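2 protein chains.
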Amino acid sequence: MDTDQITQLVVDIAKRARAASLELAALDTKTKNQFLNQLADKLVASTDAILAANALDLEAAKALELSGPMTERLTFTPERIATMAEGVRQVAALPDPVGVEIERLAPPKGFDLRKIRVPIGVIGIIYESRPNVTIDCAILCLKSGNASILRGGKEAFHSNMTLAEIIKEALQATGIHEDAVQFIPTTDRWALNVLLKQDDTIHCIIPRGGESLIRFTVENSRIPVIKHYTGVCSVYIDAAADPDMAEAILINSKCQRPSVCNAAENLIVHQDAAAQLPRLAKALHDHGVELRVDAHAKALLTASGLPLVDATAEDFATEYTDMIIAIGIVPDIKAAIELINANSSGHTECIVTEDAAAARQFLTSVDSAAVFHNASTRFSDGFEFGLGAEIGISTDRLHARGPMGLNELCTYKYVIHGTGETR
Amino acid sequence: MDTDQITQLVVDIAKRARAASLELAALDTKTKNQFLNQLADKLVASTDAILAANALDLEAAKALELSGPMTERLTFTPERIATMAEGVRQVAALPDPVGVEIERLAPPKGFDLRKIRVPIGVIGIIYESRPNVTIDCAILCLKSGNASILRGGKEAFHSNMTLAEIIKEALQATGIHEDAVQFIPTTDRWALNVLLKQDDTIHCIIPRGGESLIRFTVENSRIPVIKHYTGVCSVYIDAAADPDMAEAILINSKCQRPSVCNAAENLIVHQDAAAQLPRLAKALHDHGVELRVDAHAKALLTASGLPLVDATAEDFATEYTDMIIAIGIVPDIKAAIELINANSSGHTECIVTEDAAAARQFLTSVDSAAVFHNASTRFSDGFEFGLGAEIGISTDRLHARGPMGLNELCTYKYVIHGTGETR
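Protein sequence lines, in the order shown, are assigned to chains A and B.
Position 393 (the first sequence) corresponds to 1815 in my numbering; numbering is contiguous.
Position 244 (the second sequence) corresponds to 1666 in my numbering; numbering is contiguous.
Keep in mind that the hints were calculated from the coordinates and are not lab data.
Heads up, some of the hints might be wrong.
Chain copies aren't distinguished; within one or between two, either way the pair holds.
Stated by the list, open to error - List of simulated lysine-lysine pairs, DSS-like, C-alpha gap at most 25 Å:
(1) K1590 <-> K1720
(2) K1704 <-> K1437
(3) K1756 <-> K1484
(4) K1756 <-> K1452
(5) K1756 <-> K1537
Note that the structure is predicted; figures quoted are calculated from it, not measured.
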């Protein structure tokens, strides 16, 4: 396809999605859930076809020289397909967010004024690598009454095309507008350029992927973007921290799953809790974590004999997603808050303390989406928050901040019932 | 100043605003209200200085050949300054939105999880013409705990600089960080280009002005933008409309203040209510409204002898902000909904009907920020909705839709209190 043909294709997809979205907004919960359950059945029934398409992607992955972890994330197995189908059934079981009354207002003139939750409209999702994102995003958008346009990466192209076909069959089988979920059938970069200019028909773009993809999206989009950037999360051990709790929360935050965005990357210790540092550092080391220390922390740990690396200023602003941690000592809680606000990605931070006033100060002044007092950063997650499912974790401030569930895929409208009121 | 100096200036303003915003987020309500009341006093006390600066702008307006209405909007009088000061006192009296618990969640692990309203951070406001916007935006941002960067138009430059000086005095007098409200002291277009790229320090841009300003902002901003586009609002007279109510709501929606964004631009009539059309058209004509009619409406009105203009398709998508209305006849409510969704700017629409099922269908399927049943579109306004004040009316869907009050100038954070929970 040449660029004119791709432009035509993407503009047409966006227009059809917009038309479908107007129908979807009024669709009943039962039909949406029928679709989801049908889709789950069809995914399991199509296991062989999905595996065959996935084999083509895995073959191509060798030529692309994908890393081991990336190839691993790309790989489907019958078990993973069954798990994906189970996830679809779980979304069917969640309450429908659409039509819910969010607030009843009290206008001076006394007419009936309510804020009602409604779908956003058309959502464009741009993602890389893992093909199960195709299903995750399609089902969350559909359950929340949104039409979706999916734009996956070239690594998973064959898998994605097969999943898109199965979604279309499930839409047809339940009588839902078949343009409600559309997959862009080309990985040409030009399609992305065109997509990001369709602000007449697409209402929101959610990029899920590496930093370069997100920067490209922000730079080129005329459509509002909800970003899911990195997670540079800190655990702060306050002067009044309980030592056992400090160790348990720190180790869980750093080591339970270091590759994810809510894992801790920094340990910040109040100088009055410096006596706790050797124990914390040893526990980290015993779990295989590399220790990158500032000058003060180095002085406190030299006697321990633990292997230490000098931390640079950038270390405190780096998402390692690996078994590495930056360690700094601060003179007081104010310095800890400043260090965090200067370096954090605004995702998740934690204070460990028995001092309620210190906790209050930290929770108020740390400017991140989720701020924890005496609990692991690993709980910063849609499922752990009880949202039922999440499409990602926003590091933006507008519209949605932190884990985004079905409610966050909606906007609202004001609905007024009057009796002939005029001004 | 050359472009390098302007770049330096704007980057510095944005950085200082970000630093101020971190202090503002924790500022108590009493201090914020002291600032507002001081500002109100100082505005009245500075009446002569404001009028003198305003005289310079009015003098320049002649050279700029500003239209009569634009010059009128630019003009301060002692009465208008007193009214502006009174508006500041009213915002002082509004409840503080910051720190309010929006929702208490029920996470599976049982820790205490609350969604707390917090300021967005740094808000950039780009506006034209009316200098009182400088005060309106500064006070609403400050009351909601946000630092603001104000970028007014060249028409009101002297007035704005004087108002900015008075704001700074009131900040100093109440001990608030003086970078909490900053006005960009140049009208060079380059400053706007630089401002829109400061996504590390500015969190939200609100453009208030004409369509070209808004398009420029959307096209060039890396920062999320909340748009305030046009209001192409429709009144739909259903088959089951009460004739007296239909006339009262139509005339009020169209004629009470035709220059504002919530005034009606289109009249759409169900063919089974066609008998009401001559009466409605006559009432519009008697109020001085020009009638632009589709072929069907023309046929129904020819016998009336009223002056008629043939409507084009674009007429139904035009914001006249004048005494002009487009009139169309539709075969059924579905056609009315489709006509509205195809032409509306998504601001405000109204159905007049005694049929509850028709009302429900309209309110569900019309995709606008505010949908009225049996009340005038003129109520689509922050004050009339009981929000206390508004910074504008969003025609966007993300974050805020419709009238934006203090709550809509805030985001939220998740605050968690645990007892040592780990995953």
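A quick look at each hint next to the structure:
no.	hint	verdict
1	K1590 <-> K1720	neither (59 Å within a copy, 45 Å between copies)
2	K1704 <-> K1437	neither (58 Å within a copy, 39 Å between copies)
3	K1756 <-> K1484	neither (51 Å within a copy, 54 Å between copies)
4	K1756 <-> K1452	between (52 Å within a copy, 23 Å between copies)
5	K1756 <-> K1537	between (40 Å within a copy, 24 Å between copies)
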